[in-house]
Amino acid sequence: MDVSREKTLREPRVSSLALQVAKYTAVGKITVRNNLAYLYDYLIRSLFLLVILYIFAQLWRVTYDGIGTATISGYTFEQLLWYLVFAEAMVLSSPRLARRIEDEVKKGDVAYQLTRPVSYLLFQYAQYMGEAYVLVPVHLLVGGALGTMMFGVPHFGWGWIGFLLISVGAFTVNFLLNMILALTSFWIEETRGLEFVYYKIVFTLGGMLLPLEMFGGTVRQIADWLPFQCVVYFPSKTAVQFDAGEIGHMLGVQAVWAAVLTVCLTLIYRKGVKKLNVNGG
Amino acid sequence: MSTAAKKSLSLLQFLLTTWKLNLAGAMEFRMSFSISVGTMILNNFVWVFFWGIYFTKFPLVNGWTLQDVMMVQAIGNGAFGVAAVFFGNFIGIANIVSTGQLDTYLAQPKPVLLNVLVSKMTVSAIGDLLFCLILYGLYGVHTGLGLAKFLLALLIGAAIMVFFNVLAQSLAFFIGNAEGLGFQVFNAFLTVSLYPTNIFHGLGKLILFTALPAGYISFLPIGLLRDWSNSFVWGAVGVALGLALLAFRVFRIGLKRYGSGNMMTMRM
Amino acid sequence: MSSVRVQELTKSFTVKYKQAGLAGSLRSLFAPQTEEKVAVQPLDFTIEQGEVLAFLGPNGAGKSTTIKMLTGILHPTSGSAEVLGFNPWQERQKLAFHVGSVFGQKSQLWYHLPPVDTFELMARIYEIPRGEFLKRRDQLVERFELGPYLNTTVRKLSLGERMRCEIAAALLHRPQIVFLDEPTIGLDVVVKQKIRDLIREMNREEGTTLFLTSHDAGDVEQLCKRVIVINHGQVILDDSVSNMKREFLTHKTIHLKLAELPQPIALPGVTVVKQKGTGMKLSVDTALTSIETVLSFIVTHYKLVDVTIEDPSMEEIITHIYERTGKGGV
Chain E
1 MDVSREKTLR EPRVSSLALQ VAKYTAVGKI TVRNNLAYLY DYLIRSLFLL VILYIFAQLW
61 RVTYDGIGTA TISGYTFEQL LWYLVFAEAM VLSSPRLARR IEDEVKKGDV AYQLTRPVSY
121 LLFQYAQYMG EAYVLVPVHL LVGGALGTMM FGVPHFGWGW IGFLLISVGA FTVNFLLNMI
181 LALTSFWIEE TRGLEFVYYK IVFTLGGMLL PLEMFGGTVR QIADWLPFQC VVYFPSKTAV
241 QFDAGEIGHM LGVQAVWAAV LTVCLTLIYR KGVKKLNVNG G
Chain S
1 MSTAAKKSLS LLQFLLTTWK LNLAGAMEFR MSFSISVGTM ILNNFVWVFF WGIYFTKFPL
61 VNGWTLQDVM MVQAIGNGAF GVAAVFFGNF IGIANIVSTG QLDTYLAQPK PVLLNVLVSK
121 MTVSAIGDLL FCLILYGLYG VHTGLGLAKF LLALLIGAAI MVFFNVLAQS LAFFIGNAEG
181 LGFQVFNAFL TVSLYPTNIF HGLGKLILFT ALPAGYISFL PIGLLRDWSN SFVWGAVGVA
241 LGLALLAFRV FRIGLKRYGS GNMMTMRM
Chain H
1 MSSVRVQELT KSFTVKYKQA GLAGSLRSLF APQTEEKVAV QPLDFTIEQG EVLAFLGPNG
61 AGKSTTIKML TGILHPTSGS AEVLGFNPWQ ERQKLAFHVG SVFGQKSQLW YHLPPVDTFE
121 LMARIYEIPR GEFLKRRDQL VERFELGPYL NTTVRKLSLG ERMRCEIAAA LLHRPQIVFL
181 DEPTIGLDVV VKQKIRDLIR EMNREEGTTL FLTSHDAGDV EQLCKRVIVI NHGQVILDDS
241 VSNMKREFLT HKTIHLKLAE LPQPIALPGV TVVKQKGTGM KLSVDTALTS IETVLSFIVT
301 HYKLVDVTIE DPSMEEIITH IYERTGKGGV
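Protein chains in written order, with this note's numbering: chain E, 1 to 281; chain S, 1 to 268; chain H, 1 to 330.
Just so you know, these hints were derived from the structure itself, not from any lab. There's no promise every hint is true.
[To be verified] Listed below are several chain E residues computed to face chain H (Cβ distance under 8 Å; list not exhaustive): (1) A18; (2) L19; (3) D109; (4) V118; (5) T148; (6) G152; (7) V278.
[To be verified] Pair by pair, the computed Cβ-Cβ distance ranges are: (8) E:H249 <-> H:I185: 50 to 58 Å; (9) E:T76 <-> S:G176: 40 to 48 Å; (10) E:Y40 <-> S:A24: 39 to 47 Å; (11) S:L21 <-> E:G217: 50 to 58 Å; (12) S:T3 <-> H:N59: 56 to 64 Å; (13) H:N59 <-> E:T148: 57 to 65 Å; (14) S:A24 <-> E:K274: 38 to 46 Å; (15) E:S16 <-> H:T34: 39 to 47 Å.
These figures come from a predicted structure and were not determined experimentally. Ideal placement from N, C-alpha and C gives every residue a C-beta, glycine not left out.
Produce the entire structure from the sequences given, and follow the hints as far as they go.
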């Protein structure tokens, strides 16, 4: 081989952290811009959010009136409704991975992405976050419109910042869990059913339908030991009842789960790629 | 036998055959059949969980007990189950019309609307039906009269579910892009029919008994099952029959538009 | 100086049997029955730097498995390969910085954004320094004449415009070797020609090694000097394109639809394969009579409704190769 070419090729590439960050930030950014094209569709589709929030508003108004106290499990009626706005926004804004990844696995696109100097998982993560943060403002706007109509403009102050901060961890944990489910398509035919069931768990133990404080002893304890609370309960609670002391705890729990799940995801991904090698695409 | 009786008999045979074929088709893939039915049952139990938690803290919602709410879930999901299993295209008409697939049905010598409705079976909805039966087993009144009332409620609920949505879907004959709208209407209708009617007041309640008549489904557990109210039951039956007549009428008017070629631009 | 060196490369997959029915699926879940399937048999070839190689074969011949091994996506069962001096499956990431790929049916471009945005992303992904990227981008924009489309959303571009952008995107990082999989699929004749010109120019000016798979005989004839044909995971032909043309692309088929019954055609090397009413199928031995001669005869003597000219299909060529070389046939 030609010496000069040999040298330029062999020169260790300095993929510094900065370049890596720039790379995946660029992926995230381009996803945001690409998804802005769907903004109108997103808005139309999110109108259903108004129906469900309206029903919940009616149900809880009747409940608060019936009980006759100002708070239930520490939430005022206004706080509870805003909690539900944030909770629905978190769930509805989470991109659905199962169909996309299943297609990529089956058509072998997973393989083709490997011809580029990017990590498949980080690429997907950057895309996921990009899409989620296009959707969150849309859903908060639609849901918030109802909240504002009922209670006037909300004053969460630090709650907004807290929500933004915790939502990053929330989407990260949700991405990891969903990606693990989606990658099982290396072995099983249909993963959309699994995703469906997963979201039912998020609805309940993740605290989308009810804040976790409303649960009785054992159910609450179980929920505390599972990762689902990171996805919905943490960010929604932070938004409506900001507590600087709690933030540290929540971030800590999210970090632990993110670490554990990242290890699981990496193992599963490696096993899947290996299977691709053994059994073909 | 009179010709009318003969005609109805042959129609009945046609319906039975279609349903049998639909079911046989669904059972071909037993694995995915079991999975989709199972996940649907699980899905519905999420709401049992929700109401279970709710009622441990608050024993009553405006006079509704846990049992009443469970019956709302049973009747609402059951009505949807009957509709989607036996008349699976009740939310697919807009699509069929706007993509020009109606031609196939027009070519067959059977009543068009009925033929369209029964020609699809939503497999997962079998899960909704089973869920409905499970809830009846757990929370229903297990007497002859109780069962009869439960079945009557289910029948009325299913009729309202089907014919209201046929009306909404038939908009596709008259306006473009009715698919999205039809789906939103259905979604809203199904959702509100699963909550106790009494949490709604004023305008909301008015809408439930007029424009979006899901109230006639969600109030069945009280007005029919628990404290039989003549006026409510006859009202609900009347609404069901009225919607059915209106649906057939509107669909027929739509068909004329479809046949007269006004739809060409949409079918491209 | 070789760009790709492949020795004794093999790949087999373990394929699972699926059994019918619920009981069957359960059984195969716990005690799967498997079968060894050979995708690539011992494969040997070398590609020189700057060479343009056509890699041909019918579907399922092992083409894409070979490409996947050369790009490091798949690990071989045995044997070795070296691409640009790298071991592809051990140094995939490093190799990826020097490899470009265009898969005709898989777009790299972002659908709702103008191509210029995808270019920006590529610059990040391949870690191209800013100044170098801008210079290279402008160069490619000029050469591929992308100026007018650069800021138009991809969804509004025609297929040909899109493919030009696609190729430009794959060249931004100055790859030493480019894998082109069906680069002209679905394009009309004029656009095909344009794409081929661009690819040829790039090879000439930058000395890029090209590895091309295509079903289009035109792509192969006009772009490549050398051709490797594989079938059932084995190289059955490794020769120059001009040799292959002389030996195996000797015939073209002409389908005619005429307005009236035809008079007989008498040209050397032209035979009527089929004739039914006003429809006619001719086989032309291009060594004896050129296709132009045949066409001008047809135009002057027949009332023409429609005409199509076909190259022999991959399957026909392969049968031919087996006949000539006497290698074990199918």
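How the hints compare with the structure:
no. : hint                          : in the structure
1   : A18                           : violated, 10 Å
2   : L19                           : holds, 5 Å
3   : D109                          : holds, 7 Å
4   : V118                          : holds, 5 Å
5   : T148                          : violated, 31 Å
6   : G152                          : violated, 37 Å
7   : V278                          : holds, 5 Å
8   : E:H249 <-> H:I185: 50 to 58 Å : holds, 56 Å
9   : E:T76 <-> S:G176: 40 to 48 Å  : holds, 46 Å
10  : E:Y40 <-> S:A24: 39 to 47 Å   : holds, 43 Å
11  : S:L21 <-> E:G217: 50 to 58 Å  : holds, 52 Å
12  : S:T3 <-> H:N59: 56 to 64 Å    : holds, 59 Å
13  : H:N59 <-> E:T148: 57 to 65 Å  : holds, 59 Å
14  : S:A24 <-> E:K274: 38 to 46 Å  : holds, 41 Å
15  : E:S16 <-> H:T34: 39 to 47 Å   : holds, 45 Å
Checked against the numbered hints listed earlier, the structure breaks hints 1, 5, 6; every other hint is satisfied.
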